[in-house]
Amino acid sequence: GIQVEQSPPDLILQEGANSTLRCNFSDSVNNLQWFHQNPWGQLINLFYIPSGTKQNGRLSATTVATERYSLLYISSSQTTDSGVYFCAVVGNSGYSTLTFGKGTMLLVSP
Amino acid sequence: SQTIHQWPATLVQPVGSPLSLECTVEGTSNPNLYWYRQAAGRGLQLLFYSVGIGQISSEVPQNLSASRPQDRQFILSSKKLLLSDSGFYLCAWSVGEKLFFGSGTQLSVL
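Protein sequences appear in the order of chains A and B.
Residue numbering for the first sequence follows our numbering, starting at 1 and increasing by one per position.
Residue numbering for the second sequence follows our numbering, starting at 111 and increasing by one per position.
Hints listed in this document are in silico derivations from the structure and should not be mistaken for laboratory results.
Accuracy of the hints is not assured; some may be wrong.
Unchecked claim - Covered stretches of chain A (in silico footprint by chain B; criterion: 3 or more residues with CB under 8 Å from a CB of chain B, positions within the stretch not fixed): (1) 30-42; (2) 61-75; (3) 99-109.
Even for Gly, the Cβ is constructed at its ideal location relative to N, Cα and C.
Working from the sequences, and respecting the hints, build out all of it.
Here it is, written out as structure tokens:
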């Protein structure tokens, strides 16, 4: 099946800093989503972005499908951004359900 | 708007006891429904998914089963829990491309 690798695995930031999270995948995809899991376990869908660029407030995401990666940008980070960020994809061949990466754990300190 | 309800939030069960976790979705029809498990260490594992009433696909053979008795109801069950069944269980739904999660159940098997 498709492989999804996220980097870095862990990230510590000071409040106000910017960050870039990366998601690499091993095959072409027709679905790519970014999620944020807060410290209480709730998973929130941030973006559906199989290609192109989207922005939502301080967060933006870019997927370069031809090069098999996606980036999640967090600007002016806040303590509420802390948690785990997951990338998940559906490959064009094989499984029709999302395959998740192992996530990037982000800690934003005040 | 659509909402997903999952209960209970936490559950402590002895080894060998039965399990029943329930998930319901409101505000949509014919959703795809999913059960995921998240063990310590972050990874999300798809256990079951359903595209309609009575239609269940199992991703991982194990001690668990799932049922979908109604369009917007998804149940995760076990006849006899094992220690290895401990984890964070998440119900999710989709209509179209985006996936949305419930708040999860933290299951501890002792």
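The hints, checked one at a time:
1. 30-42: Since 5 is at least three, the answer is holds.
2. 61-75: violated (count 0)
3. 99-109: Coverage by chain B holds here, the residue count being 4 at a Cβ distance below 8 Å.
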